[in-house]
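Asker: Residues per chain are reported as follows:
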Amino acid sequence: MSAQTSGCGFLMSVVVHGDAALNEQEKELNQRLRRLYPAVNESETPLPRSWSPKDKFSYIGLSQNNLRVHYKGHGKTPKDAASVRATHPIPAACGVYYFEVKIISKGRDGYMGIGLSAQGVNMNRLPGWDKHSYGYHGDDGHSFCSSGTGQPYGPTFTTGDVIGCCVNLINNTCFYTKNGHSLGIAFTDLPPNLYPTVGLQTPGEVVDANFGQHPFVFDIEDYMREWRTKIQAQIDHFPIGEREGEWQSMIQKMVASYLVHHSYCATAEAFAKSTDQAVHEELASIKNRQKIQKLVLSGRMGEAIETTQQLYPNLLERNPDLLFMLKVRQFIEMVNGTDSEVRCLGGRSPKSQDSYPGSPRPFSSPSHKASSSQPYLTGYDSNCCNGVTSSKSHSSSPHSHKPCPPASGSTLLASDISLNGSRSQASLSSSDVDMEVDHFTNGLTQTSTNGFLNGSSKHTAEPDDCEADMEVESAHSKRQLCGGSQAAIERMIHFGRELQSMSEHLRRECGKNSTNKKMLKVTLTHNCTCVVMVCSYMYSLLQDAFSLLAYSDPWNSPVGYQLDAIQREPVCSTLNSAILETHNLPKQPPLAQAVGQAAQCLAIMARTGSGSCAFASVDDYLH
Amino acid sequence: MKNAVIGNNKQKANLIVLGAVPRLLYLLQQSSSSLELRSECAVVLGSLAMGTENNIKSLVDCHIIPALLQGLLCPDLVFIEACLRCLRTVFISPVTPVQLLYTDPTVIPHLMSLLSRSQRTQEYTTQIFSHCCKTPEHQTVLFNHGAIQNIAPLLISPSYKVRMQALKCFSVLAYENTQVSMTLVNVLVDGERLSQVFVRMMQRDQPIDMQLTAAKCLTYMCRAGAIRTDESCIVLKTLPCLVRMCSKEHLLEERVEGAETLAYLMEPDVELQRIASTTDHLVAMLADYFKYPSSVSAITDIKRLDHDLKHAHELRQAAFKLYASLGSNDEDIRKKITETENMMDRIVSGLSESSIKVRLAAVRCLHSLSRSVQQLRTSFHDHAVWKPLMKLLQNAPDEILVMASSTLCNLLLEFSPSKEPILESGVIELLCSLTQSDSPALRVNGIWALMNMAFQADQKVKVEIVRCLGTEQLFRLLSDPDTNVLMKTLGLLRNLLSTRPHIDQIMSSHGKQIMQAVTLILEAEHSIEVKEQTLCILSNIADGNTAKDLIMTNDDMLQKIKYYMGHSNVKLQLAATFCVSNLIWNEEDGSQERQDKLKEMGFIDALHKLTQASDANLSDRAKTAMQQYLA
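Protein sequence lines correspond, in order, to chains G and B. According to full-length UniProt numbering, the first sequence holds residues 1 to 623 in order. According to full-length UniProt numbering, the second sequence holds residues 1 to 631 in order.
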């Protein structure tokens, strides 16, 4: 260190530089680990990133971010051997795991052992000497497989050599590398959950680990490529034996049912025709569902509910929970300004549907500060597979908005008042959403748009006043509460109160019917049904929706994700499933179920130690 | 016709017998025929070519090749493709003489120009090239017609077949060809170096055939000196790839090719040998090559047995070759090889296998291992490898004789316990006959073995060697055009002329001829080494009791010795001084007279000069000699 000669400022800069280098290393590590082990879910099974200061023998010293290991014992006899394990065991979902150790100094005798051991194996030993412990030793080049006597394995290694250890979690074997050259299989039938381990035995021995901080000397990615190809070939060549015909018709059925489920009428019809299958639902019924789904996905919840009630008169009556859920969504869409009720109240709407109390007034809603134009994707569950990803194009949610130019001095003030930021979620439960809106015009109403793209020609044929509002988002669009209409806001508040009382009613019902504790099965990710107590679930649903009002800019608030168009999808699929159930059709298309099962199966494989899950991502097969 | 012959060899043969080929060729060549008809003819001919080797022969006899080559001049792509496809099928057959491609000098340039037409023309043309490039001349022809520039872009073709055939082309072009290899390293394909393109083709998710062929290309470029052995594309990519090819999970053919290519790659480089010897248990992995046909396959699966049997020889010879290459320099590796299960037994049985390829490879392996003093002393003796080796030397073809006799040379080294039994088996006659061979390599090995045999040998053996070889042959060898032969013959003489009684005895019977030969060599134009060896013989003669006189009475010879004492080369000076020192050594009968004679001839001055020599060895030797006078 040249700190003394170069003064304090320089030292500071060195430190800062060191931190930057450290961050850089951390970044590189994260990048490399993600690239090497994409199938590993680190929140469940973290990857080893350094040696563990807690899981080592006292003769072991750690430095350099717990990557450098040195020996600090007497080193007189094998009884002075000492080991250290990595912070975490190797997750099976790695498929193939690899780390390298560089011999910085062989010390007095070079009795270094590199390998693997299970948790709890004695650390006063070299790796390989005990049960569930495996090692390759530098002094004699022998491999030690849970035994005090080694087998001739590879060359010896010493100062300057880089030794790599690769665990294949598919066939449970391990091989080592020396300076980038594979030395061949050392161990077979390895148990799961092994930790990278090194052991030292004589003074002066120093080794550095590389868990991915730096590029590896050995081309591990090439080895992984080979195994990925092997696993994928295994899947591709999975024997189906005599049942080839059955196989094909089953796949066709799955595709057909999927198309029907999501109401792709024309496609489903054409597919069924060309594959010679019967469609188990009437075309009219499919079209009805399609209509409702389109409404939900475009955020027009009021109409969706109405249409459902028309077409399936008893459905929602029998399913108050579903109705409630739909209404909560409607409330959210009102906030969003996309629901038909508020849209029709919007200043831009030339022909207003005056079916609600309160006449439209040419008041614009106060503008709000926009901090970021990033679309919300939080809460979007990538596993949520209901096949309506294409619906994103129908989405009306404007993903970008610009801060509004200060049209008048009162703008900011207005926004503060209007949204009543001091009211917390708790106040909402009392249905006392007290919003004082300063009435003023700022002339921005004309530019605010909440038009939506539907793209469905059939849809436009429907008699609907709001259709006239179809327009493309203009560049100057900005999002305003309820589309910026005061009447709409009032309507929304009124609607919120209704919802509140509905919720209270539901809760009472729920409490009464203690013998009949209703459970709402909400279909979540792939066939994984999560049972939630209906009352509390509904309650939290409503609370979340109401909390949108607690923010001046709901879109950029922590609960803003609810406004994202993607959130319509679970609602849409729940409603669709409920309709299908009344027709005695499956709630979920078998194809989605199969995909879900496959993904789930991979997750279970990861948990039970089947490494091949690493190279069989479902996404690879969904193009 | 087309539909009748597809997949039916019998029908193909029938049509050929009925004379369909000339008729088809006639129609094909008629420019008045419609292109559809001509193309169909080419397709039918192509189908006939897909049949047996006899079919191909018939087609070639009907001059199908010039007709098809002529057809390539037509502008119609469909027709060209049909012709090329048929040509491809004919040329890849082993019965077709490849020379037919080169008889018309306009053919190769035209084929090159067709490379841009379509993926099919690319595939067929490159396939023809790679099968018809068998000699350095072929390589040069293709190279001169721009094969590299034309074919390199095909390495990134979207078609796997095209990529593969282009790659194969490069492997045959680069094989033992420095010019091609040197050009290849500088070629860029889409901005990337060719070696990097090959490295990408060796990635472990690529088809095995592609990995293997890419590894061959890099191996050949490396052996031709275009890529250094320590470059990462060789040491970290090609070598591990080839080792992988040797593993059990691959097809027998791939394992054979992998092992042979690897053997070739590392033959001259000890570092590569060391790395390979520790990579993926290669030495142990090769032991599996000897386990075909496996006992399991014999019982359960006749087809598999047949397949195994067909490849068993190839596998064994490939393994022997690779072992030979692995063990050619490093003592530790040799030890590891001989310690492999049943290794020596396998070599011993390999030496007497019916397949000449296996015998040759086995003896190469044995030769490589025989460079180890330790192995000569232990495993070689324990397994009596000399017995099959001696047997192999009877009536073997030259290539085997060269290897076997070279191995024998090592087995006859003084410390080898096999030396005695070999001597008793009547090897001298055999070796003497080798010295009369037309092949310089065999003459060297024969005389070398005799030289080793004569080293510190019994009088009896020496006499037997001289008797058997005959002085005439000995002198013939001393005028051999091959310096190696001359050197080893001198070495033999030197070994024969050691220990005083032997010297005197041999000189008394052959002294005249030997002195003549020595004179001749010293007077002729020869290298320093040869002269040194000759002077050493002279000093051995000077060490004899009676033999000394042959020098002392030969003033001419004494003048020569004196001349070499003043030579500019220290080694020659030293050898000459040795000779003088032996002549004037005290305590021997007549030493005084010899000293006097040499003094008269002015040797004292010469010696005195040498005592001042800067070379310590030489000045010491000269001082010792001077002391003889002082005593």
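Careful, some of the hints might be misleading.
Unchecked claim - Okay, the calculated beta carbon distance ranges per label pair:
hint, chain 1, residue 1, chain 2, residue 2, range
1, B, Pro97, G, Ala598, 27 to 33 Å
2, G, Glu246, B, Glu231, 53 to 59 Å
3, B, Val185, G, Lys79, 31 to 37 Å
4, G, Lys76, B, Arg228, 24 to 30 Å
5, B, Asp382, G, Pro78, 54 to 60 Å
6, G, Gly245, B, Asp104, 52 to 58 Å
7, G, Pro46, B, Asp382, 35 to 41 Å
8, G, Glu246, B, Arg193, 36 to 42 Å
9, B, Asp382, G, Gln234, 54 to 60 Å
10, B, Pro22, G, Lys273, 32 to 38 Å
To be clear, the hints were calculated from the coordinates, so they are not data collected in a lab. Predicted, not measured: the structure shown is a model, and the values here were computed from it. The C-beta atom is built at its ideal place from N, Cα and C for all residues, glycine as well.
Asker: So, for every hint listed, does it hold in this structure?
Answerer: Structure-based check of each hint:
A hinted range of 27 to 33 Å is violated for the C-beta pair B/Pro97 and G/Ala598, which are about 58 Å apart. Between G/Glu246 and B/Glu231, the C-beta spacing of about 55 Å keeps the proposed range 53 to 59 Å intact. In this structure, B/Val185 and G/Lys79 break the distance hint of 31 to 37 Å, their C-beta atoms being roughly 57 Å apart. For the pair G/Lys76 and B/Arg228, the beta carbons lie near 46 Å from each other, so the given range of 24 to 30 Å is not met.
Between B/Asp382 and G/Pro78 the C-beta distance comes to about 37 Å, which lies outside the given range of 54 to 60 Å. Hint check: G/Gly245 to B/Asp104, Cβ distance near 56 Å, so the stated range 52 to 58 Å holds. Under the hint 35 to 41 Å, the C-beta atoms of G/Pro46 and B/Asp382, about 57 Å apart, miss the expected range. G/Glu246 and B/Arg193 have their C-beta atoms about 52 Å apart, which leaves the hinted 36 to 42 Å range violated.
A hinted range of 54 to 60 Å is violated for the C-beta pair B/Asp382 and G/Gln234, which are about 48 Å apart. Between B/Pro22 and G/Lys273 the C-beta distance comes to about 55 Å, which lies outside the given range of 32 to 38 Å.
Of the numbered hints given earlier, the model fails hints 1, 3, 4, 5, 7, 8, 9, 10; all others are met.
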